[in-house]
Amino acid sequence: GIQVEQSPPDLILQEGANSTLRCNFSDSVNNLQWFHQNPWGQLINLFYIPSGTKQNGRLSATTVATERYSLLYISSSQTTDSGVYFCAVAGYSGGGADGLTFGKGTHLIIQP
Amino acid sequence: DSGVTQTPKHLITATGQRVTLRCSPRSGDLSVYWYQQSLDQGLQFLIQYYNGEERAKGNILERFSAQQFPDLHSELNLSSLELGDSALYFCASSASGGAYEQYFGPGTRLTVT
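Those protein sequence lines, which keep their order, are chains A and B. Mapping of the first sequence onto the numbering used here: position 91 corresponds to residue 91, and the numbering continues sequentially without gaps. Mapping of the second sequence onto the numbering used here: position 33 corresponds to residue 1033, and the numbering continues sequentially without gaps.
Don't read these hints as lab results, they were simulated from the structure. Treat the hints with care, as some may be off.
In silico lysine-lysine, DSBU-like type, Cα no more than 30 Å apart, as pairs [stated by the list, open to error]:
hint, chain 1, residue 1, chain 2, residue 2
1, B, K1009, B, K1057
2, B, K1057, A, K104
3, A, K54, A, K104
4, B, K1009, A, K104
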């Protein structure tokens, strides 16, 4: 199956800093999503981005499908950005399996 | 709020018991997915249903089963529970099968004692 690697595994930043999170995947994908898991365990959808670039406020994401990676950018970090960021992908398959394969996540801590 | 609901929020039970987790997808969504998040395995896909039919299986144990009902809600049944089954169980839904964005419910935290 598809392998997903996220880096860095841990990141500690001061409030106001910018950060870039990376997701590498091992095969072609037809679904790529970024999630934020907050301290209460909720998985919040950030982006659905199997290819291209999207922006939503202070967050933006880029997926270069041909090179099998995606980047999540967080600008002007706030303490509420703390949590774990997951990249998850699903690949093309004749059997129609659409379940997402998750990376291990990047644990982000924003200090005031 | 994703629009996906899960009940119960918390569940504490003993080894050997059986439990049922319930999920209602977003209005109009036909696909339901179940995922398990544990400390040692991370987040992993268990099973997918589409419009009442099983569509794909992931790392689901034989002791676990699921179904999707005509009103599209889904249930995940966990039996002969072991300590290692303690985890956060998520349900997600998407508009259809295939490459559609999945939306996750708040999860059910299962503790097996």
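Earlier hints that do not hold, by number
none
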